[in-house]
Every structure is written in C-alpha cells, then in structure tokens.
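The primary structure of each chain is shown beneath.
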Amino acid sequence: MDAATQSQSTTLHSSFRYKLISFLGPDHVHAAAPADAVAGVQPKMIVAPGNERELAEVLRLSNEAGLAVIPRGGATKLAWGNPPSRADLILSTARLNEITEHAWADLTVSVEAGCTVQRMQETLAQHGQRLALDPLWPEKATVGGVLSANDSGALRLRFGALRDLIIGVTLALPDGTLASSGGKVVKNVAGYDLPKLATGAFGTLGIITRAVFRLHPLPRLTRSFSVATATAEETRRFIHAVQNSKLAHTSLQARFESGAAAEVDVLFEGTEAGLRAQETHLKDLTETAGVSEASPEIWNARQSLWSSLKPESTALAKFTVLPAEIEKSMETIAKSARARHLEWKGVAQATGIGWLRLEGGAKDLRVSLQELREQFERGTGSLLVLHRPAAMPSIDAWGDAGDALPLMKAVKQQLDPKNTLNPGRFVGGI
Amino acid sequence: MEARILDELRAIVDGRGLISSPEELHTYECDGLTNFRVMPHAVLLPSSTEQVQKIVRVCHRERIPFVARGSGTGLSGGALPVENGIVISLARMNRILEVDFPNARAVVEPGVINLDVTARIQYNEFFYAPDPSSQSICSIGGNVAENSGGAHCLKYGFTTTHVLGLEVVLPDGSLVHFGGKTLDTLGYDLAGVFVGSEGTLGIATKIILRIVKRPECVRTLLAAFPSTNEAGAAVSGIIAAGMLPAAIEMMDNLAIQAAEAAVHANYPNCGGLLLVELDGPIAEVETLMTDVNEICRSNGASEIRVAKSDAERALVWKGRKAAFAAMGRISPNYIVQDGVIPRTALPKVMSEIERLSQEAGLRVANVFHAGDGNLHPLVLYDRRVPGQEEAAEILSSNILELCIAAGGSITGEHGVGEDKKKMMSKMFAEPDLMTMQRVRSAFDPLQLSNPTKIFPTPRLCGEKPGEYTPHPLESAGLAERF
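These protein sequence lines are chains A and B, in that order. Heads up, the first sequence is in the working numbering, so the first residue is 93 and it goes up one at a time. Heads up, the second sequence is in the working numbering, so the first residue is 83 and it goes up one at a time.
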C-alpha cells in the first residue's frame, strides 16, 4: 500500500468509526488489538452490535464503504480457513446471546448466534434435553460460530451433523437484508433450505444472527467401553464387527498415535436393561482383546489434540474418508508421518471424519500434509488444514472443491457481490 | 414448438424417447394434484445423463422452460408442465448403479422407485429409511425434489438426511457434483439446498444415498383414546419421558371409519387412535414399550394392543397408509391438506378445525404424523351439491392459515409446487423470499427449470386448491400414500 492510499484508508476508517460510534455508542466500537488478528491479518476495529437489526445495519454500512468484515463469535476457530485477503472490521455477535425460546414440549430451541453452546445446553438440560452435538470448546464456542464452521464430534454417528439439527436460520446479508428461512417446526418443506446453505459456509454468505434447532432428550444412562487393539488388522476387524452388528451405539472412535497401539471406544445411551444387553453383545463380538468400561473422558480425545500445542512445530488437520476406511487412513497417516520423522496423534470417527495432530519440522509437516491430502482426495475424501506453524511453507487450507466451485462462486456473487464477508478465507478463493 | 427444435430433440433421445402426439401428452398434463392441468409441447424420456445434458442445452439455447418429472405422484403440482415448455421424464433412468454395504451407501439414478432400493438391499439387513406412503410408485428423483418424508422420519430424518451426494445437470446443461460418498465435502452444502428445491435448480441424474442397518427389533402399539386430545396428551407424555419412537401416528374417528371400511385393519372404534412404533435392541425396546403402555393408560386409553406378528404389524400400517384413498368410502370427493404445527398446539388447532368444519357444514377427517406435528386434514365434500366444492377449498385453505398462526408451516412433505405458492408470502416475508430467489438465480439465471413453482405470483383466475384423486395403483390397493 503506498502512502497516499494508506492515508486515504486511514481517513476512511476514522470517519467510518465515527459513524459507527454515533450509531452504537462508544462502548461497542473499539480499535482492534494485536490479539484480534485473524490468521495473521490485523483488522482495524471491533464492533459489537446489540441486536440483529443493528448488526445488519453495521454490515450494510461496511459493505457500502467497501470494508471487509470478519464475523466473530467465541473466536475459538477464527484461525481456521485461509487468512483473509482483507480485514477491516470484526463484527462480534457477543451481545446477541439470548435463548429466545426453549419450546421443550416441542423439542425445539430458538437461540441467538452469540450464545455459547454450553450456556444453551445448560438451559436445555433443565428440561432434560440437549442439542445432540459435541463441538469443540463448548464453553466459549458460540452457536453462530459452530454453525459456520460446521463443527461436530462423535455424537454425529447417531444424531447427524448440524445440517440435520438446524431447522431455521436468520441471516444478515451484506446489503442489510435480514432473511429467515426454515421455521420453528421440525418437518417443513416450504421454500429453499437456507439453514443448510449457511451451515459450514464459514460466514462468507451472510452472518447468522439466529438459529432454531430440533432437540433430543438427554440420555437416561450412558456407558462407554474401550478396546485396546494390538494390530491394524485387529482394529479393522473390531470396528467392522461393531458397525455390522445390531448394536445401537451412539458413537465410535479410534484413537491412534505414534508409538502406541490404537484404542477403539464405543458409547451407548439408553435404559439400564438395554445397556446391560448391549454390553453383553459387545463383549461377544471381540475374540481377542478385552473390552473394558471406560471413563466418559475418552470422548474429549478430539479436543485434547489441541492441548499443550507448540504452535511452531505442530500442524492440525481434519480429514474425511469413507467410513469403512478409517483404519486404512490411520495406516496412511502413520506411514507418511514416519517417513518424515513426525510424531502423530489422531482420532478417527466411525462416520469417516478424523482429526490429526502432527509434530515435527515445518517443511516435513508441509510435505506430509500435502501427501495425505492427495491420498485422501484420491478416495473422494479431503484434508482440511486447521493450524500450521507460521514458518511452514504456505498451503491452501482446503484443497480441491470439485466441479461445483463455479456455482459456489455464483452463489457467493448473489449474496455478497462485493466480497465483503471473510474475503479469501473459504474454498477456491471465495 | 418449431419443427427443427422438435427434430433436434428427437435425435437426442433416439426417436423412441420423444412424445409429441396430443393423445399421449395427456398423461403428462398433471401430477397427483389433478385440478391443475397444462399440456406440454413435448415429453422427453432420456436414458442417460448425456441425453439430459443435451436436451437441457437445447432448452437453454432456445429459452424453452422445462419441468423434470419422476413418477408424477406429487400432491402439490410440482411436476405440472409450464406453458410453452417441455417435460423431461426421468422414468427410463431407473438403474441402481451401486450398492456399497461396508460404507452404507447406494448410488441410484433418479427414476429408481423408492421401495426398490430397500428391495435390493434387504437381503443384507439394510433398508432405505425415507418412506413416503407412495413409496411403491414414487421415484427417488421425485423424493429429492420434494424432500419427501414419511412416517418414520420422526426418528430417521427426511430425504435430505439420506442424500449425501448428487450429480446434477444445471439449467445451462453443465454437469456438476454436490456432496459425495464422504461427509463434509468442501464448500457450500449445495446438496442440502438442492434437496427440496422442487425441480427449480436443475435435474438430478445420479443420487448417492445413505442406507441404514435394520434394527434388531420393531414393536408397534395401538392405543384407543376417547378423543384426539387424550391421544395428544399421551404423545406429549412419551416425548416428555425422553423417548424418540420410530413413528407416532394419530387418526380421528372419521379417519378410522374410512380405513376400516377400506382395508379392515381391525382398528378399535374410538375418538382418537394412536400408533406408536419403537425399534432398536430388544431389551431397550421392551423396557420402553412398557413405559409407552403405562403413559397411554394413564392418559385414558381404553384399549391397548401390541402387534403380535409381522402380519399384524403390516395390517396396522396398511390401515394407516390407506387412509387418504379410503376417504372415497365415506365421501364422494375430498381435499388432502398438508400442514405442520408445533405438536403442543394440537388441541387448540383441532378444536379450531372442528369449529371451521361446523361453520362450513363439511366433515374433516384427520390423519397426523403426531410425533412431528404434521397434519393431514382431509376435507370431505360432494361436488354435486352446489357451492360445496368452493366451501371445501376455503375450509382447506383456512386450515393452513391456522397452521401458520400456530407457528407452523404450510407444508411438511407434499411441497409448495403450484398449489401453495400463494401461501408462501403468508409464511415468509418479502426479504426471505427475495433471498431464496437470489440463490435460485445463481443456479438458473434464465429461470428455465420449473420456473413457475414455489414462489408467489399475482393470483391468477381459476387458481384453486384441489381435490384428491387416488393414483390408479392406489385405488387398486397396490400402493398407498400419506
């Protein structure tokens, strides 16, 4: 940026900031600090509107002024995706945090985007219900952020992903439109299913201001079991036996790491009699390794991949493979990591979604991630880079989005023609 | 249509795949909602994705609107041809291309009949979960367009839950792929947007389905209550007890009478009948069945039966599934409505329906997917009595307004199509509809793909909700629908 442009842009920012302060009051417009950087890009200010009308208006004004907007919830996954090509303004949903309605007898909840997942779950639990989802860092992650990043955990095997749980959404679009679609009832086919379009869109089409979810009852009882498997073949046989059985397990995951044998965990929910019968059935399925009751803590294995993270020597990735190929993916990872002298640790879920942590030299990490991505993509899967050391040669966070990319760009063009929202952060440069 | 275009289209489908004689075109002038009729210029029956692409490219070049059609069983006029347009029937693309048991996926062409998927995989203890009651005649492509439900979507979800990927011919003839066999494919969830878009975003030519392992056991309970209010209270009790049954269905007395007359399901004669199905591991299901039994009893059930055999269970379902067509036994004409309410609004909405029914002097039979609040009120009338048809249409429309006022939806599974587009602006505000239109423009900027459906246009003369006509197979007892 040359000096003239820079001074022009500074003037723009200060006059725009004044405009926002007069609209929202001085308490809700702040200069951005270095800690607010988004994947290494420094925004200028943080704005926290108090309701969705204000949010839509701030977005409209920013769009009109040609400023790039980064929506922010709990900022737990803000570093995911590619660094933004521009970042002027962080639009925080922190003040949109109300649980508007818990229609417990109808098993639905309407909630504002800035509400944390945990606070929502605590409210739902008062009536013995839950959003059947186990996302990362629920105490900080917000409804809007979890939706935008499409995060899901091990419960997905039984209850599906957010796309299967969301039944209504309200979006603020860059032109200031507030648009709702879906509704408050679980069964509804009137109009396009825009809740699904917003889920996983990384905030590039509009800012989610509200969502409605279908709920599930909290389980009466739960029990977790683990099996240590000695060889890859044993892991494969056990997973297939469980998956092909008539067990009604809620979750299944395999934990694997360098220098240790893989462990497979199975979660059951239900009545006492039902759980006893399933335990017996599960134990009958295993020929060699013993099944032992496990602590519910094992279901934090995914989140613990982020524990004591050494940012300069660690890479984190999400990968997808066919469900019947999760053991194969574990071997692929081990082989690639070993060849590059990397340490690895991962969790692979029965749905075919896995989470991987690699540690080692920056260049080796790059080579291994690229190699794994190629292998998974060959089998219709993918590898999404969630964290990489700053020193690691740059890599696209996403990978190949396939032949629908031009259509995705057309959808983006329709809803955000000036590329105001999260520019450059999503697939294919969106 | 110009002869040169017709010739070009004929050449694409090898002559045998083109219908253009007026006698044969009559079959295609409406779908399951027979009061809307438009004669297409031609019907094309492609047998491959390439042929669909070539046809759509001609339409795009010549600006000819097209409507994709599966089995034509839809109940909202979704497959109604458009003026000066053609119909593209996918009936010949009916192959199950791949069954992948280890990954629980099946890849099918759009013309495959819903029930044929289960028929192909049941030997290995798998089934395809979405079960619209027309499942023995409706196609997967049509299910994708309408996001079809069925009785068991309470637990298993709708078509959209089970469609993981699509091959789609866009309205400009280009071929794209949404989703895939793996989950969370990169980019926007275009498969999620496409399912339920009622043919307005393009034509699906290949569909990747999720298939489901059969549960260890299935138990079906029938409970007779004095009225739908007590039956509704029992449903609330079941939900409050933290259960998620595979299905909960309810019928009122008129619907029971009709079903009895039609298929002799041996239902108890009562004011409100509840059908609860649980599935899963035996020990779990039996424990919960005891609870359901107790909840029904404490809410005033006079008679409770559990189907003792598969045959008994099939009979119980036959009565429920035959309910629409059975109305012919108790009324010369009737309109099938499809609305959704929050389940707790049921007693209030029921008494309002009763009031409207008395005011209009017309009987209304009620069949519900009670677990998810999806109502199918059937408005009975006699066309020969002057004024009754109009009164029935008004009553049917008013019931939908009740659903909207209760915070529900104008359609739970039959779609908007032609029939309900005028109701869309009562459910959605202008910016909501405009946003949907912007998404549509990304897929179909020229508005060629089923262009006149879903979105409201100024009300036209003669636009009216329609009478229900059973499909010939349905009347013959070979098929049913909800």
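Treat each hint with caution, since some may be false.
As the list claims (entries may be wrong) - Below, simulated BS3-like cross-link-like pairs (lysine-lysine); rule was C-alpha separation at most 25 Å, straight line:
| no. | chain 1 | residue 1 | chain 2 | residue 2 |
| --- | --- | --- | --- | --- |
| 1 | A | LYS169 | A | LYS402 |
| 2 | B | LYS390 | B | LYS237 |
| 3 | A | LYS169 | A | LYS375 |
| 4 | B | LYS295 | B | LYS430 |
| 5 | A | LYS232 | A | LYS375 |
| 6 | A | LYS420 | A | LYS338 |
| 7 | A | LYS402 | A | LYS455 |
| 8 | A | LYS410 | A | LYS375 |
| 9 | A | LYS410 | A | LYS420 |
| 10 | A | LYS375 | B | LYS295 |
| 11 | A | LYS338 | B | LYS237 |
| 12 | A | LYS510 | A | LYS111 |
| 13 | A | LYS420 | B | LYS295 |
| 14 | A | LYS338 | B | LYS288 |
| 15 | B | LYS237 | A | LYS501 |
| 16 | B | LYS390 | B | LYS400 |
| 17 | A | LYS455 | A | LYS510 |
| 18 | B | LYS400 | A | LYS427 |
Hints are computed from structural coordinates only; laboratory data are not their basis. Since this is a predicted model, take the numbers as computed values, not measurements.
Structure-based check of all given hints:
1. A:LYS169 / A:LYS402: Distance ~17 Å between A:LYS169 and A:LYS402 Cα, so the pair holds.
2. B:LYS390 / B:LYS237: holds, 22 Å
3. A:LYS169 / A:LYS375: Violated, at roughly 39 Å.
4. B:LYS295 / B:LYS430: Judged against 25 Å, a Cα distance of about 39 Å means the pair is violated.
5. A:LYS232 / A:LYS375: violated, 38 Å
6. A:LYS420 / A:LYS338: holds, 24 Å
7. A:LYS402 / A:LYS455: Within the cut-off at roughly 16 Å; holds.
8. A:LYS410 / A:LYS375: violated, 31 Å
9. A:LYS410 / A:LYS420: Judged against 25 Å, a Cα distance of about 16 Å means the pair holds.
10. A:LYS375 / B:LYS295: Cα-Cα ~20 Å, so holds.
11. A:LYS338 / B:LYS237: holds, 17 Å
12. A:LYS510 / A:LYS111: Holds - the C-alpha atoms of A:LYS111 and A:LYS510 are around 21 Å apart, at most 25 Å.
13. A:LYS420 / B:LYS295: holds, 23 Å
14. A:LYS338 / B:LYS288: violated, 30 Å
15. B:LYS237 / A:LYS501: Given pair B:LYS237, A:LYS501 is violated - Cα atoms ~35 Å apart, limit 25 Å.
16. B:LYS390 / B:LYS400: Given pair B:LYS390, B:LYS400 holds - Cα atoms ~15 Å apart, limit 25 Å.
17. A:LYS455 / A:LYS510: violated, 36 Å
18. B:LYS400 / A:LYS427: violated, 56 Å
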